[in-house]
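Given next are the chains, with one letter for each unit.
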Amino acid sequence: MNMKYTTRKKAIVLLEDGTVFYGKVVGDMEGTAFGEVCFNTGMTGYQEIFTDPSYYGQLMVMTNAHIGNYGTHVEEIESDSVKIAGLICKNFSYPYSRPSAEGSLLEFLGRNNILAVSDVDTRALVSYIRDNGAMNALISTRVDEIDQLKEELKAVPSMQGLELASKVSTKEPYFFGDANAPYRIAALDIGIKKNILRSLAERGAYIQVFPYNASIEEMKAFDPHAYFVSNGPGDPEPLKEAIATTTAMLKTGKPVFGICLGHQVLALTQGISTYKMHQGHRGINHPILNLLTGKGEITSQNHGFAISAEQAAANEGVEVTHRHLNDDTVAGIRLKNHKAFSVQYHPEASPGPHDSKYLFDEFFEAIKEAVPA
Amino acid sequence: MPKRKDLNCILIIGSGPIIIGQACEFDYSGSQALRSLREDGIETILINSNPATIMTDPSMADHIYLKPLTTKSIIEILKKHDNIDAVLPTMGGQTALNLCIEADEKGIWEDFGVEIIGVDIDAINITEDREKFRELMLKIGIGMPPQAAATSFLKGKEIAQEFGFPLVIRASFTLGGAGAAIVHDPDDFDDLLSNALEVSPIHEVMIDKALMGWKEYELELLRDKNDNVVIICTIENMDPMGIHTGDSITVAPAMTLSDRTFQRMRDMALHMMRSIGDFAGGCNVQFAVSPDEEEDIIAIEINPRVSRSSALASKATGYPIAKIASKLAIGYTLDELKNQITQSTSALFEPTLDYVIVKIPRWNFDKFEGSDRTLGLQMKSVGEVMGIGRSFQEALHKATQSLEIKRNGLGADGKGYTDYEQIIQKLTVPSWDRVFVIYDAIQLGIPLTRIHEITKIDMWFLKQYEELHFLEQEISQHSIETLPKALLLEAKQKGFADRQIAHMLECYESEVHKRRMDQGINRVFKLVDTCAAEFQAMTPYYYSTFEEEIETTDGKRFVANDSAVTDRKKILVLGSGPNRIGQGIEFDYCCVHGVLASSECGYETIMINCNPETVSTDFDTADKLYFEPVFWEHIYDIILHEKPEGVIVQLGGQTALKLAEKLDRYGIKIIGTSYQSLDLAEDRGSFSNLLKEHNIPYPKFGVAETADQALALADELNFPLLVRPSYVLGGQGMKIVINKEDLEAHVVDLLRKIPNNKLLLDHYLDGAIEAEADAICDGEDVYIIGIMEHIEPCGIHSGDSNATLPPFNLGEFVLQQIKDHTRKIALALNTVGLINIQFAIKDDTVYIIEANPRASRTVPFISKAYGEPYVNYATKIMLGDKKLKDFNFKPHLDGYAIKQPVFSFNKFPNVNKNLGPEMKSTGESILFIDTLKDDEFYNLYSRRKMYLSK
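Chains as they are written, first to last, in this note's numbering: chain H, 1 to 373; chain G, 1 to 950.
Watch out, some of these pointers could steer you wrong.
As the list claims (entries may be wrong) - Covered stretches of chain H (chain G as the covering partner; in silico rule of three or more C-beta atoms under 8 Å from a C-beta of chain G):
id : segment
1  : 154 to 161
2  : 168 to 179
3  : 227 to 234
What the hints assert, rightly or not - The calculated label-pair distances, taken between Cβ atoms and stated as ranges, are:
id : chain 1 : residue 1 : chain 2 : residue 2 : range
4  : H       : 278       : G       : 553       : 17 to 23 Å
5  : H       : 293       : G       : 406       : 42 to 48 Å
6  : G       : 568       : H       : 144       : 40 to 46 Å
7  : H       : 110       : G       : 753       : 18 to 24 Å
Hints are computed from structural coordinates only; laboratory data are not their basis. For glycine and all other residues, C-beta sits at the position ideal for the given N, C-alpha and C.
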């Protein structure tokens, strides 16, 4: 234990437009990390967020005042590594307290080589993103080389049009769950979270997970009862293979369920376009109205793109089933002529509330209906 | 679905007088509810016997009944208003719920066709009946501590034998944990069991196996009629299980909960709320979490109503729970309502915080001599403060700075304990000062593991303390000249006050302030907005902090500040801080009216206060709310930022008043009566000279600074003597002594407790009658708003006396003296605004006891009794906007209004209940009587000498 109070080395957050937010580096790391800067308003679940593949390539501003308080836990990960490009926070908690923790967040980030900056006026940064939109940025300990860093930042591609699914997808197909489970589901991994697999498995599914560019034939070979299209990072439009495979899934007549990026892919198969949102939705307090039941749900969300509300409303083959109550964006759709539906948010939660778990149940009801007894 | 069309007139039940466990948070919730219902065009009718509340103001409801909270009053109201469709009983605490249940059992609601909204009676019955609640929880699979119910002494003994010690016993259907106790020692069990059986109205006691050391959490829920449920706030108790949540230091958001455990808890809370009934409204659920790898969660209790914690949660998040709960009760659903802060997003959401709040209770053990000061299952605090900061440390510091117990925060004031045994003892037996003792323990080098072992406080919190200690050590190695900027910024970000830093550096506070001004370490203000800045919010609810810099593309450096200053003329009103005995809701009433009146005069109004229970800290009250300690440094920085025309100090009780001297010294304008006049009235010597000049009698007195001087004075003045320190409120340390031994003992005691204070010795006018007058003075004219006569003889603190308005047996000759003296004194003191003068009357001569040129405890009472907005008038006069002659005074009162003090002695069973010059009551009620033949008056009059000590 250090018996002396140490003030830490300076670090910066440099935005694409040249604005600099000063802070301090977490631990004794040095270097620079690039990405799209966006913020998450969740007050719990930092480890799940950092390992969620949907956040690939993003510099994550955590709005909660303290990060790291309860350390890290071996089971609270959504993929095998940290996926965010870097962390920006107000107070980084070096000490942690939780009997079941495996270690500190500092060690966890260190093992994954992730740069983190603390003591930033995150509230001002979030307000800035809110007013100016999500943009590229970097975090760095090279506080005296701002001009040089600006040049380096210019080389970072925009998130718009960026295909990232291939970076986080599995290279090889793999299985998840109990091979003797009653149902088989073929999942297209364009950045899948572990808790989706857990949620499917615990309802009686044996799952084969396929890479982002898998063909329908490969997936059919598993003889699935249903298909699943996962969440993931980046812009959905460049995902030509996933869109084609999903179109083919629909043709099989089997139930199809999509989450987040998977939802956007399903919309794209119906000719509904997607767009990059101003700042996106990232947090675990997002209000959704289920238009079929009239009931509300508090949901976990993480997306920077959305599907066109006008086109969804005008599309005769599609029914909008869920709406975001804050900005009226489309949060869920159902295809009228297929047993296919999708949501923009995360019913698997992790982190976040469990209000939307029923969607998995509905998926399984559809599977049960389709499977002859 | 929009609101119900069949609800046009609604009755709201208030919570009555302030008692421990039920304070002004229900004035806040009731006021919000009334406002919320009226927004929807609903006719509102209110019953509350507490005259010091904002909610009982004529402007708050369509019909207000300042009547005793009894079913008799309810029937009277229902007869008079046959159009009442529903009753909303969830805004007035346990008192309102109990009255609602009683009326329900008597069939009153049914007789008058009144529907109960916002809760259902079955839900209350289940949650209050611990055995039924337990059965239900086990049925729905929610864990409960091992527990059993006893309805007899014998049964209780059997349970104890089965469970073993330590045990927790709780009386069913009681408030604020009355009758609850942790029993470590089997020898104490019998007495505590009988006591609990006795206080429970149904003579039922629940006995639990004690979950000592488990972590404690509270969730605040809202549900609409479509069964949408949202969690508004999660509060973590820093003090683990074993200390009543009202007496615990609490923190929001939860600091040490993982998402997985939190979501399990959230699921349980939703499940529990849905299981107890099908109602639309607010609900509070308490849980315990095992402090081990299992993270087991157990339900402690559920309260299907707005509570003290929901007031705290509203202030902590910005989400106005009572306001929304009222809308839900009349049929709205959450998805139809807007987030009141952003006005653009949905009310169906869960607030997220980018700051931390810490609540610390305020105790008043000094008022209850002989009381057991140990904190436990029974709530003992009389008020609370909340600190908001960008870190736990900053929030903790701000909360400790808000307490007004002469501490500047944690450590760095030379007041900490340094004795090992004493510290260990104070850690082991928690009391009001444990929050400070933890810091002392670390300073002394007691290992954190040991502190944790004793207190069971989560290590995360202790590590935060430790970091503060390291920082203090580091800074202490410097001088003001050598202190690096980075370190000073760190200290400010962690909430250390300039005074504390000055103590560490051995320099003046003003030097630290200057240093940080020079270095650009400026306090900035951030918004409480429910959404961590995700959406734009206009609601002007701010707290201060210190932040790192931002550099724009053109090289300009700045620190981001959410609080933009307008070019309007501004008035700053200083609030009254935490509730305590002698300074409670009355002063919040005055502050709120000061704000509203200033606003009517065209000023932008700014409120500074740190009490989360109040209406003054509702973001709807002032144009700008700074939720900050009423502590010099914070106030001064706000003044530097806002540059108000002046500061109103005479409405916020002693808290605000004692800052007058410093404001004056810094050249900041005090609105109304000047500092010099305030000081003159406090300085007994000068004040007596003033009385002498005007030929006004006063009891013989003297000033002493040592025991020797006091004994010498006693010979001159003759016993009995009234002894008190100067500059105190609520009669703190005031005592009547009859001989030299008593005098010596008391003087020695006072000089030890309040060093460097002058002591006042008055000849005590034995057997005199006491009266007081409140007046408004504009510097030229004086208008007496009311004269009250105490029913008890002189010697009982005015706050503890029953008193009548107008006087019941003072002759014309005496009344004329009171009026003349009041006028003369008000003018002589150059009063601009309110003044309160206390009199003792003996042998037809009126003596002056004291004069206070400020709002008094009785002003709200007189305003209510006469139906006149006196604080509003007084504020307009202070501002120079109006003169007395501009008002058309029309007081109206048939018969008499009696002010009745209410005590909370049941929380302190071993305390001496005798009344004397030191105030002990926690609240008051108003009773209107037509004539002096009224039974109630006769009762009071005949008992008047019973409590008088000596």
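Going through the hints against the structure:
no. : hint                      : in the structure
1   : 154 to 161                : violated (count 0)
2   : 168 to 179                : violated (count 0)
3   : 227 to 234                : violated (count 0)
4   : H/278 - G/553: 17 to 23 Å : holds (21 Å)
5   : H/293 - G/406: 42 to 48 Å : violated (58 Å)
6   : G/568 - H/144: 40 to 46 Å : holds (44 Å)
7   : H/110 - G/753: 18 to 24 Å : violated (53 Å)
Hints 1, 2, 3, 5 and 7 from the earlier list are contradicted by this structure; the remaining hints agree with it.
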